[in-house]
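A.B. asks: Single-letter residue listing:
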Amino acid sequence: MSDFVKKVLGFYKKVPSAPTNPQKPPTFEKFEIEDLYEDNSSTKGSGPAKALDEKVRQAYFWITNTAIISPYYDIEFNEGDAKKFIFGDSKVEVTLPSDQSYSSFVLLPLLNLFARGKCLIVGGPGRGKTATSILMGLIAGYNKTDVQRAIQHGQPQMTISDLLGHPLPADMVKAEKTSDIRIAWRNWLSMTVKIIDEYNRIPTRTQSALLTVLADNYAEIFDQIYECPDAAWYLTANDDAGGGTYKVIEALKDRIDIVVRALHFNTRFIEDLLKRIELNFKPESIIPEEIIFSTEEINTINKEIRKIEISKPLRKRIEFFCRQFEFFEPASTRLEYMTKDVAKLSGLDMKTLFRKEGGKDQVKDLGSQSTNGLSVRKIMTLLMFSKAMAYFRGNKEVDIEDIRQVLPFVLHDTLSPHLESSFFDQPDNESLRIDRIVWLRKLFDLSCDEFASQDLDRDDPVDVFEEEFQKGLDNVSLNDVDKRLLQIEKQLQKWSEEKKLYGYRADDILKLKYLHQRYGNYKRWLQWKK
Amino acid sequence: MEKVTYKPLIEVLKKHNELYNGLYKQCEMTYGPIPSELITKWVVNSIEPIVKNMHERFPESNNIHPVFEILYTRILKLLANKSAISYENEYKKAWAILEKAPHLLTHNPGLPIRALDAALLKIRAYAPKETIRWIMRMTRAVPNLQSTDEFLKAGRIFAWFSGLAHLKENALTDFKSLSQPTKELILSTAGFDGFTIDKLEQTWHNKENYFHETAGGFKGFNGPFRKPPKVTLIDDKIFATDSNNHFAFFVDRFGHSFLPAPKFEVNLSSQALKNAIALFSKKSRTSLPESNISSMVIANQTAVFTLDNSHLLYIFSHPDS
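Chains as they are written, first to last, in this note's numbering: chain V, 1 to 530; chain W, 1 to 321.
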């Protein structure tokens, strides 16, 4: 290799030594049993924590600056007002972010590595979906050959044995019972980064076997169980709308934590491509050691991410957003069963049922924009990835913008838009029928606006009841219980005077019903004790 | 930060780290975070010596995990509700009892540990000043207590000696059921060498009418009553009430205790009151402030009266009753 080539490759391997996003060092002092016996100075305290989140940022910048040409900064953060420009008849707004912003195509798969989630990368052929997944495997410390061999390429003839492993032929002949048959498990099952390429080309039956590994972390053949380690998953698909060879089963889709779009190649960067051809440059061959993470480091980062705090005001905004969608008044005559789930299970046409929701402000009623609600899994994923985003940005606490930026990618495949909603008929909202990312972000913005307009930060009656209840029932007298029960009844009476019932209110009512029941049970116990 | 150094315990911690971390997380979800240094300090200084001593003395019992799990769960809860912070000294000394009683932890270790915590709660509620003395007595006696049953009985008897008068009946039954050496051990530990069962059964140590103490007090000063109380007898037991708060009242030479009771009325005729005062005055040759006395009872070698203008109960020994 000539000196010139070595010099050029040396440039590509360079990792900036300056802090990528200088922050105050976080101080985590939460207890873990390992504190009792391990010398954890390497995993606790401000110094190493800083080093690891800095290392994650270095990895991100190395990928975006050197490995993947993705000049898109679609995850925008701003400090103060950002400059905006408007283009074309459609008045498209382009913002120049005033704070460090990121490319979702690189950042979200990277966060997925540390959050140990399941990331689906969708996009047309040749957009770098598989290359990004391979890079994640390499950053997790595997060598290129191992990662490439471990990729499971979806194809219409793929069998369960192709995916999981084969029973040993000799045992097949000798064995008297199935538990005697040993299995030659596929190596990829033991890896902490798992890549399934074109998962929508896998036959339905094999998808079910994949589901077991993906959801429950074990594989099963002939009564033999293989326990897989916790892993970050990367699945790729050319078309997320079911245009593959096989339709992806719903349960598998539901397990996907985050969906990332592979964007098109910006032709202004063809010069970079040219250089790569001339130098025969393959970024996956020269990953700098400084950005390769050991399993312990990934585990530590995962723990640190979980420790990132979500403040109460933010949590309340998430709660308010999430409780908009499941409520569906035409589904039942009982509040508990007024859900989109009940309506779906009935088999009746949702469009017809939606028409029965008369009289409500369709713009204010965010629930009218979706045909389903949010699962617990999705809410947990949203919280986890918001924390991961905050961690990546070097913060100790999640910021509302972290949630706002992550939310569309988490809910992309989960929250289905109700395209007939009159919300989408509004002049500015028609394009939201097509672009889910922008729609979901707008949905969150609208929810936050409604939250602010109701002044729920300062005046949330459920908060008062909740705080009182959280103090516990020890030594609460019968008189106090009676007073609290009366207060709950008064609040329910007040809400019953509102003309329309919206999703957020339904959950409030059910929460008060729950508290009423808890106090009622305690009261009965007190009376029995007397 | 201090670390656990006992190797068999470290092995157990490593083996069950998921469970122990889960227990902490469960506690944090209910009560909020607990500072890491506090948990470490308690584990290293209090739990490790107990586990170490038990395992060294009885290695075949192989129950480091259950003992550690119980103590760890207890300390998490005590730290979360701040009891182990407010009463740090008490809990430290009380858990040191377990260090001296490894033989009690080999089978069903949860029983003595839970009993110890429950005893501390009770003694703190009824006779807070006596808590340390109760712990000291238990510490001295425990190496010679042969079984958990003896441990529980000794605890109850010492609690009675500490002033929890309502335990007298059960404590006496327990005492009678103990072996002679254990009886002597308990009496000598408490400084009552030579006491017989008859002597223990007596409510008071003197045979004269004698003013002993006052009990009760205004709620604002940590007493049980909002208004001046009255006393009455129900089934030969003394009860006290201020018409809103009702208690069964137990008193003897070791102390007194109020136990919450269901609502009851005090129906004392002025003539009955006069008779009781006259009887007591005659026997004791004491002049009582008759006009002020709102109620009076005489039972179980004890006379108790209340005043119109006081939140206290006045207690006399009255051996003839």
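Hints are computed from structural coordinates only; laboratory data are not their basis. Misleading hints may appear alongside valid ones.
Said to hold, decoys possible - Partial pick of chain V residues on the chain W-facing surface, computed with a CB cut under 7 Å:
| no. | residue |
| --- | --- |
| 1 | F31 |
| 2 | I33 |
| 3 | Y37 |
| 4 | D507 |
These numbers come from a predicted model, not from an experiment. Just so it is clear, CB atoms sit at the ideal spot from N, CA and C, and this is done for glycine as well.
A.B. asks: Grab the minimum C-beta distance from Y37(V) to chain W and call the hint holds if it beats 7 Å, violated otherwise.
C.D. replies: Given a least distance of 5 Å, the restraint on Y37(V) holds.
A.B. asks: Holds or violated: the hint that F31(V) contacts chain W, with Cβ atoms closer than 7 Å.
C.D. replies: OK, holds: F31(V) within 7 Å of chain W, min 4 Å.
A.B. asks: Against chain W, run the beta carbon of D507(V) and see if the smallest gap drops under 7 Å.
C.D. replies: violated (21 Å)
A.B. asks: Going by Cβ atoms only, is I33(V) closer than 7 Å to chain W?
C.D. replies: holds (4 Å)
Checked against the numbered hints given earlier, the structure breaks only hint 4 and satisfies all the rest.
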